[in-house]
Amino acid sequence: MKIWKKIGLLALSAVAVLSIAGCGNKSASGSDSNKKHTITFMYRGGEDEKKAYGQAIKQFEKTHKDVKVKIIVTSADNYATKLQAAISGNKVPDVFYIEQNNLLAYVNSGVLKDISKEVEKSNIDLDNVWSYGVNSYRTNGKTVGKGALYGLPKDVGPMSLGYNKTMFEKNNIPLPDKDKPYTWDEFIKVCQQLTKDTNNDGKIDQYATGFNVNWSLQSFVWSNGADWSNKAKTKVTIDTPKFAEALQLFADLQNKYHVTPSAKEAQSLDTYQRWMKGELAFFPVGPWDLSTYNKLNFDYDLIPWPAGSTGKSATYVGSLGIGVSNKTKYGQDAVELAEYLSTNKKAQKTLVDAMVQIPNLKDMAQEWADDTSIKPANREEFLQIVNDYGHAMPAATTYNSEWYDMFMTDIQPVLDGKITAKKYVKEEQPKMQAKLDAANQQLKTASAGK
Amino acid sequence: MDSTKVVKKKKSMFHHDSKLYRDEHRAAFLMIILPVLGFLIFSLVPLIYSVFASFTNWNGIGQMTFTGLTNFKLMLKDNYFWKTLYNTFFLMIGIPIGLILSFLLASALSRGLKGTTFFRVIYYIPVISSLAAIAIMWQWAYNGDYGLVNQVLALVGIKGPNWLQNVHTVKPAIIAMSVWKGLGYSMLLYLAAIQSVPKSYYEAADLDGANSFQKFKNITWPMCRPVTFFLIITNVIGGSQIFTEINIMTPTGGPEYSSATIVWYIWQKAFKNFQMGYASAMSLVLGILIFIITALQFYMNRKSDYQLS
Numbered sequence: 001m002k003i004w005k006k007i008g009l010l011a012l013s014a015v016a017v018l019s020i021a022g023c024g025n026k027s028a029s030g031s032d033s034n035k036k037h038t039i040t041f042m043y044r045g046g047e048d049e050k051k052a053y054g055q056a057i058k059q060f061e062k063t064h065k066d067v068k069v070k071i072i073v074t075s076a077d078n079y080a081t082k083l084q085a086a087i088s089g090n091k092v093p094d095v096f097y098i099e100q101n102n103l104l105a106y107v108n109s110g111v112l113k114d115i116s117k118e119v120e121k122s123n124i125d126l127d128n129v130w131s132y133g134v135n136s137y138r139t140n141g142k143t144v145g146k147g148a149l150y151g152l153p154k155d156v157g158p159m160s161l162g163y164n165k166t167m168f169e170k171n172n173i174p175l176p177d178k179d180k181p182y183t184w185d186e187f188i189k190v191c192q193q194l195t196k197d198t199n200n201d202g203k204i205d206q207y208a209t210g211f212n213v214n215w216s217l218q219s220f221v222w223s224n225g226a227d228w229s230n231k232a233k234t235k236v237t238i239d240t241p242k243f244a245e246a247l248q249l250f251a252d253l254q255n256k257y258h259v260t261p262s263a264k265e266a267q268s269l270d271t272y273q274r275w276m277k278g279e280l281a282f283f284p285v286g287p288w289d290l291s292t293y294n295k296l297n298f299d300y301d302l303i304p305w306p307a308g309s310t311g312k313s314a315t316y317v318g319s320l321g322i323g324v325s326n327k328t329k330y331g332q333d334a335v336e337l338a339e340y341l342s343t344n345k346k347a348q349k350t351l352v353d354a355m356v357q358i359p360n361l362k363d364m365a366q367e368w369a370d371d372t373s374i375k376p377a378n379r380e381e382f383l384q385i386v387n388d389y390g391h392a393m394p395a396a397t398t399y400n401s402e403w404y405d406m407f408m409t410d411i412q413p414v415l416d417g418k419i420t421a422k423k424y425v426k427e428e429q430p431k432m433q434a435k436l437d438a439a440n441q442q443l444k445t446a447s448a449g450k
Numbered sequence: 001m002d003s004t005k006v007v008k009k010k011k012s013m014f015h016h017d018s019k020l021y022r023d024e025h026r027a028a029f030l031m032i033i034l035p036v037l038g039f040l041i042f043s044l045v046p047l048i049y050s051v052f053a054s055f056t057n058w059n060g061i062g063q064m065t066f067t068g069l070t071n072f073k074l075m076l077k078d079n080y081f082w083k084t085l086y087n088t089f090f091l092m093i094g095i096p097i098g099l100i101l102s103f104l105l106a107s108a109l110s111r112g113l114k115g116t117t118f119f120r121v122i123y124y125i126p127v128i129s130s131l132a133a134i135a136i137m138w139q140w141a142y143n144g145d146y147g148l149v150n151q152v153l154a155l156v157g158i159k160g161p162n163w164l165q166n167v168h169t170v171k172p173a174i175i176a177m178s179v180w181k182g183l184g185y186s187m188l189l190y191l192a193a194i195q196s197v198p199k200s201y202y203e204a205a206d207l208d209g210a211n212s213f214q215k216f217k218n219i220t221w222p223m224c225r226p227v228t229f230f231l232i233i234t235n236v237i238g239g240s241q242i243f244t245e246i247n248i249m250t251p252t253g254g255p256e257y258s259s260a261t262i263v264w265y266i267w268q269k270a271f272k273n274f275q276m277g278y279a280s281a282m283s284l285v286l287g288i289l290i291f292i293i294t295a296l297q298f299y300m301n302r303k304s305d306y307q308l309s
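If you're matching them up, the sequences are chains L and D in order. Numbering follows UniProt numbering, with no gaps: position 394 of the first sequence is 394. Numbering follows UniProt numbering, with no gaps: position 35 of the second sequence is 35.
Everything labelled a hint here was simulated from the structure, so no lab data went into it. Incorrect hints may have been included.
What the hints assert, rightly or not - Below 25 Å or equal to it, Euclidean Cα-Cα: the simulated DSS-like pairs (lysine-lysine) are:
hint, chain 1, residue 1, chain 2, residue 2
1, L, K231, L, K422
2, D, K73, L, K444
3, L, K91, D, K272
4, L, K62, L, K35
5, D, K114, L, K418
6, L, K435, D, K77
7, L, K231, D, K272
8, L, K50, L, K295
9, L, K418, D, K272
10, L, K435, L, K178
Stated by the list, open to error - Only part of the chain D face toward chain L is listed, based on derived beta-carbon distances under 10 Å:
hint, residue
11, W58
12, S110
13, G144
14, V167
15, N247
16, I248
17, A260
18, Q268
19, K272
20, N273
21, F274
22, M276
Heads up, the beta-carbon is just placed ideally off N, CA and C, and yes, glycines get one too.
Hey, can you work out the whole structure from these sequences and the hints?
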């Protein structure tokens, strides 16, 4: 064979072997020479968030000269899939976001490192961090909320209720009280006043609201003293009169009181667009919405959610955590990166200035809420939710969310007014109970095998 | 006869212990090493691994415990498994529709009318576009309030439904989109098949006084049969694995799971609910089902293939 042909072939096969080897272990041999080591950080988020976190990480690298942070960033949709693939492929990033409802599975499978000692030794004042945020990442392997610390909060996400102040003023309706929630009756009455045809073309073009069931029903249920399950997460409790009453009211906003866009249009996209166009009076507002909503051409502010029979407002507060891999070679640096992003004042300021979250530190949050130069005025409401009336999502602390997802999957006929809430909760309870039992069984097997 | 002799002679040159044979053999081996390694590492090993995982209660990240046939028994009783399987096959209604439409289009474009190239490009654009982008675009088009589809319907006085949020319209909506997306590809293959039919066949038919329908029925359509067969096989296999458009257009599986497909359900189980073992078992069953269907199709096509050659 011609020599060139041979060389060509050898080169070709060498490329083949190398390219496959390249998929394997990329050792940090290159970085050893300048005494820098690399830790990987995997996270997700929208554009603003990606940018803000990239900036915070650069600041971290400045204070940790020997550490280089390699960033793996994904879109929100892809995150869970990619992380799980990385875990089962034994390529766990050193530091990564953890979703609340994955904590039990990750801890029982030995994915997450117990960082209690490291955090204790560092001079972080955990009392100054939202306890809801910290406790979301404590577990003893069976329940969430107590035990060893397996992560720090990346953020806490209180879902508040916003109202279009400009619309209220235009219609001469007294502004809602920021300290005293509407009762349901008052809420419906205001809603009816605000739903109208503003240009007299025979079509209603201004609605009171348009809630997405996935993100708003919780408030109605909880403030009426009902819940999806008992505290121990062993029994599905949707088949109570209080629960049915709340769900029925939620559906009636569309079907009976007609204060939301017609029954078919429950897609959040539609109502979100309407709110941004200034055609809705009330809409849920999370801290991550502020950067967008502050650019809208109407005034808005935050109020407590309308209260059901308990007389107390309720809503959900989410959280995302930052965890450290159990297999990391650079445990100390990895924990320090998590601590930095979660609790460092400078990092927090970068993130808060980017308007993607509220501060994790209580004192800083209070300062932020008191600052009168930022819109909306009543940002204090966010803090009250975290401190007082926010609940975790029903499936946040169960082994998986199948049982709860089922509720939302089957709910459309209730929202369309085809079946009553009372009938629905009765039929749905046993189905959900079976899934919850299965999840608890999975947890039992997983924690026993630990 | 002559040609076979030559081949035989050549073969003897490549005797197994000749240097030339060994050299060429080694070269050939080096040539194919990349795809073979790729297949072993990225296809065969994961395949075997997932077959193994389907007999365990693996959660995808932790320990595996062997549980025998538990997953398969569970599947029989799992209503969602059957529902998503049904949905998947229901969505395949789009396959014959797409084939007929693309065949008609190809027939029209093969007549050498003006602007053929233009239309070929137009119909092919969806094929080269990213599926995710297309799904997002159609999601907008189907929007109940502002969607293009309903706006067009409104012009003729019809009030369209909220396509993707309605149990009865979500499947037809997704079928329509898949047909639209696949049209260009099938059309191109049909176009090639139609154009490669020898002119002499038609001339002979003309002499026999055949009308255009007879020519179509007895020449064009049978000559395109291998393409039809190929398209049916690949479309059925692709259709069984439909996922991206479902996950983007109806991220929760549609109202009452009415657009949830089997691969979407498998993905949910594997990556959302920590049931990788169960998900693997479902994939195994799906794989076997696809294999059986494809084998059946080959079996049914056996006779016509013989007749053609």
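Now for the hints, and whether the structure bears them out:
1. L/K231 <-> L/K422: 22 Å, holds
2. D/K73 <-> L/K444: The hint holds at about 21 Å.
3. L/K91 <-> D/K272: Between L/K91 and D/K272 the Cα gap is close to 19 Å, so the pair holds against 25 Å.
4. L/K62 <-> L/K35: 15 Å, holds
5. D/K114 <-> L/K418: 54 Å, violated
6. L/K435 <-> D/K77: Judged against 25 Å, a Cα distance of about 13 Å means the pair holds.
7. L/K231 <-> D/K272: Holds. L/K231 to D/K272 sits at ~23 Å (cutoff 25 Å).
8. L/K50 <-> L/K295: Holds, at roughly 20 Å.
9. L/K418 <-> D/K272: 30 Å, violated
10. L/K435 <-> L/K178: Violated: L/K435 and L/K178 sit about 40 Å apart, past 25 Å.
11. W58: Status holds, d = 9 Å.
12. S110: This interface hint is violated because 41 Å lies over the 10 Å limit.
13. G144: 5 Å, holds
14. V167: Result: holds, 7 Å to nearest chain L Cβ.
15. N247: 8 Å, holds
16. I248: This interface hint holds because 9 Å falls under the 10 Å limit.
17. A260: 9 Å, holds
18. Q268: Constraint on D/Q268 satisfied, holds at 8 Å.
19. K272: 7 Å, holds
20. N273: 4 Å, holds
21. F274: This interface hint holds because 5 Å falls under the 10 Å limit.
22. M276: 8 Å, holds
When held up to the earlier numbered hints, the structure conflicts with 5, 9, 10 and 12 and fits the remainder.
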